[in-house]
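Chemist: The chain contents come next:
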Amino acid sequence: MPPDNLLLRVFADPALIVGLGVEGWELLLVQARTANLTARLSYWIEDAGITAEVPDRVATQLAAARVVAASRRRALEWEVNRLHRVLTAAGYPMLLLKGAAYAVAGLPLARGRTPLDIDIMVPRNLLERIERHLVGHGWEPAELDIYDRRYYQRWSHELPPLVHRERGTELDVHHTILAPLSRLRPDPAAFWRSGVTLRDGSRALCPTHMALHVAVHLFQEGEIAGGLGGLVDFGELCRYFGRGPDFWRQLVPDAVELGLVRPLYYALYYASELLGTTVPDPVMAEASRVGRPPAPIRAAMDRMVRRAMLPELAEYRTPWWWVSRTCLYIRSHWLRMPPLPLARHLLRKAWVRRFAAAS
Amino acid sequence: MKIGDLTSDQLYQRFGGAGLRARIGPFVFRLRSSIGSFVEDFGFAYADFPVCDESEVSDFRIRLVPAPRWRPWREAMARFCAEEISPFETFPRRIALPWAEWGFNWCIYTYAHQFLIFHSAVVERGGRAAILAGPSGSGKSTLCAALLGRGWRLLSDEFALLDPEHGWLLPIPRPVALKDASIELIPTLLPQARLGPVFAATRKGRIAHLRPPTEAVERQAEPAKPAWVVFPTHADNAVTKLEPLRKAAGFVRLESNCFNYRELGRSAFEALGNVIEKASCFALPFTDVETAAELVDGLAEVQPAAAVPLDAA
Amino acid sequence: MSDGACTSGQAGEEGTVWAVPPANGLEWQEFDNEFLVYNSASGQTHHLNLLAGEALRCLEDEAVRTYELVRRLADRFEIAEDSPSLQTIDQLIREFDELGLIAPSTS
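Chains as they are written, first to last, in our numbering: chain A, 1 to 359; chain B, 1 to 313; chain C, 1 to 107.
None of these hints come from the bench; they were simulated from the model. Please note that the accuracy of each hint is not assured.
To be verified - In silico SDA-like links for lysine to any residue, alpha-carbon gap of 25 Å or less: (1) B:K225 / C:W28; (2) B:K225 / C:R94; (3) B:K225 / C:E30; (4) B:K278 / C:E30.
Please take these sequences and the hints and turn them into a complete structure.
Modeler: Following this line, the structure appears as C-alpha cells:
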C-alpha cells in the first residue's frame with residue numbers, strides 16, 4: 001500500500017486538518033518539514049480560516065517555520081534592493097524571476113517560501129558587461145564542484161552563479177529562461193516585451209510566462225524537479241492570475257508560441273488532479289489537444305509524479321549538508337579613535353546633549 | 001512517570017513500537033529505535049525525565065535506525081533521522097548515544113525558532129542565571145559541571161534557550177557531554193556524579209555523559225533570568241581571571257554564539273539588548289577549572305546593585 | 001524598496017545628497033556611547049562607535065551632502081572641521097552606502 005501523502009491532501013483540502021489526531025498532525029509535520037513546506041502550510045491553513053483548529057504545540061512549530069521564512073524573504077528583498085543600487089543605478093535593466101518576483105510583486109504565494117538564491121534575467125548583449133559590473137561591486141564567481149558544473153552546462157545558464165563576498169548570497173544571472181527544453185528557442189525579447197513593471201521598478205515576467213516558467217521547471221525531461229512545492233506554486237499562480245480575464249485566454253496560446261505545450265499539459269493536469277486547482281474546461285481541453293502525450297508516456301510520467309510529490313524517507317536520501325555561517329553577523333564600524341583628551345571631550349559633549357535635551 | 005520507572009521490556013517496547021515520548025526541557029521528543037544498546041544507554045542517561053502520553057503532539061520525531069553495512073568486516077552502523085531527514089552520515093552503532101545527542105542538538109537549532117538559541121551552558125543560583133557562552137572546546141561544559149559541584153542548578157549544558165518575549169531562559173537539563181580529560185576530572189569536582197559509559201573514538205575523541213542532577217530535571221519547568229554572561233576560554237597556560245567586558249562588546253560576542261540571531265531579526269536585536277542591559281558580561285580565560293568555578297561562584301555573592309565599574313576596559 | 005534607489009550617485013561625488021531611506025526602519029541601542037543599530041530592511045545589525053553613530057543619526061534626521069555632514073558633526077562635538085576624526089567621513093559614507101544604511105536621496 002503506498003504511503004499516505006497527507007501533506008498533498010491537506011494542500012488540496014485544508015479542511016482535512018479539522019479533527020486531525022496526534023498521529024495525523026505528526027505525520028503532517030514530518031512530511032511538511034521533509035518537503036520544506038511547513039511555513040507555506042501554515043499560510044494555507046490561515047487562508048482557509050481554520051487556524052483555531054491547530055493544537056498549541058503544532059502552532060508553535062508552524063510559527064517557528066514562519067520565522068525562518070520571514071528572514072529569507074527579508075534577505076531576498078534586500079538582495080533586490082542591493083541589485084537596484086548596483087545595476088539599475090548604473091542603467092542596466094533587470095528582470096526578476098521566481099521567488100524574487102513573487103516577493104516584490106507581493107503575491108500571496110510568496111508567503112512562507114524559503115528561497116536560497118536569487119535569479120534575474122538580463123539582456124543577452126549586456127551579459128558580460130553586467131557580470132563585470134557585478135564582480136566590481138562585491139560579487140565573485142562561485143566555486144563549483146563537478147555536479148554543479150554539469151547542472152549549469154545542461155541548463156545553458158552560461159554564467160555560473162555569483163556569490164556576494166560579504167553577504168554570502170548566491171545570484172544566478174540568466175539571459176533566457178526556457179532553453180534548452182523549448183524546441184523553438186524562443187527569443188527572450190518576447191519575455192521583456194510582455195514583462196510587467198513592479199512597484200520598485202523591477203521587471204518581472206507576465207502572468208502566463210511566470211506560470212509557464214514554473215511548469216517547465218517542474219516537468220523537465222526525465223525528472224520532476226521542485227516536488228510538491230513547485231506544483232503548489234503553479235496552482236497558486238493559476239488561482240491568483242486566473243481571476244482576471246486574460247490569463248486563461250492567453251495561457252495555451254503562449255505555450256504554443258514558446259513550444260511548451262507538453263509541460264503545460266502536465267502542470268494543468270496534475271494541479272487539477274492532485275491539488276484540486278480549478279482549470280476552466282475549455283483550457284484543459286485545448287491543452288490536452290495540443291499537449292497530451294500518448295498513453296504509455298502518460299503512465300510513466302504518472303508514476304514519477306506521484307513519487308516526486310511524496311517527501312522521501314530518510315533512508316533513500318543523501319546526507320544533508322548544511323552551510324555554516326562563515327562571517328560574524330554584526331558588522332563593526334570603527335573609525336580610528338581620536339586621541340584620549342579629545343575622546344573625553346566628545347563623550348562629555350554627547351552626554352550633555354543627550355541629558356540636556358531630556359531635562 | 002519517569003523513564004527510569006519503566007522496566008527494560010517496557011522501554012524496548014515503546015522505542016520499538018509507537019515511540020517513547022519524553023518531555024526534555026520545553027520539548028516533547030518522540031523517539032523510536034530498534035538498537036538495543038542505544039535504548040539502554042539512553043534509558044540510563046535520561047532516567048529522570050518524565051514520560052508523556054500519546055495525547056501530546058511531539059516537537060521532534062526521531063528514529064535511530066540500523067544502516068546497511070556495505071563491507072562485511074565493518075562494524076554495525078546506524079543512522080539518525082529527524083522528520084525523515086538524515087543530517088549526518090551513518091555512524092557505528094556502539095556510539096549511537098553521542099550521535100543521538102548531536103542529533104538532538106541539530107533538531108533544536110534547526111527548528112526551535114520560538115527561542116533565541118545560544119551555544120552556551122546555563123546555570124542558576126539564587127534565582128539568577130549565568131550564561132556560559134562559547135564554541136566547542138571553550139571549556140564551558142567542564143566549567144558547567146564544576147559549578148554543579150558548587151551547588152548551581154543546571155539549566156543546560158549545550159544551549160541557552162531564551163524566550164524573546166519575556167527574557168527568560170528555559171531549562172533543558174540534558175546530560176552533560178564530557179570529553180577526554182574531563183571524564184576523569186569531573187568526578188573529583190562533583191562527587192555525586194553519575195557517569196554513563198565512555199564512548200571511544202567518536203569524532204570528538206572520548207565522550208561520557210554526566211547524568212543531570214535529579215533536582216535539575218525535576219525543576220526543568222522553572223525558567224530563570226540571566227544576570228551574568230561569561231565567555232570562558234580554556235587554554236593550557238592562561239591566567240585565570242574574570243575580565244569585565246564593555247556591554248556593546250558583550251552584545252557582539254554573545255551574538256557570535258547565537259545560532260539564529262539573523263532568523264529572528266528585530267526580536268533578536270531587542271531580546272539580546274535586554275539581556276545585555278540587565279546582565280554583567282565577563283571574559284574568563286582559565287587553565288584550572290576549579291579556580292574558574294570559584295570566580296563564577298564569587299559573582300553570585302555580589303548583590304545586583306554592585307555592577308561593573310564604569311571604567312572597565 | 002529603498003527610496004531614491006534609481007538615482008545614480010557615488011560616494012565622493014560632491015553633489016550627492018545622502019540620507020537613511022525611511023524603509024530601513026532603524027532601531028537603536030546604546031551602551032556607554034557605543035551604538036548597536038538594526039536595519040529592518042536588511043536584517044543586519046551594526047556596531048558603531050560614537051562618531052559613526054552620530055553621523056548615522058544625522059543622516060537619519062535629514063538628507064545632507066558629505067561636507068554638510070562634516071560641518072554638523074564638527075558643530076555637535078565642537079571640534080574643527082579639519083580635525084583627524086572627521087577626515088574619514090568620506091570613507092564612512094562609502095561604507096554606509098555599501099551596507100545599504102544610506103542611499104542617495106531624491107528629495
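Chemist: Each hint: holds or not?
Modeler: Status of the hints after comparison with the structure:
no.: 1; hint: B:K225 / C:W28; result: holds, 23 Å
no.: 2; hint: B:K225 / C:R94; result: violated, 41 Å
no.: 3; hint: B:K225 / C:E30; result: holds, 21 Å
no.: 4; hint: B:K278 / C:E30; result: holds, 13 Å
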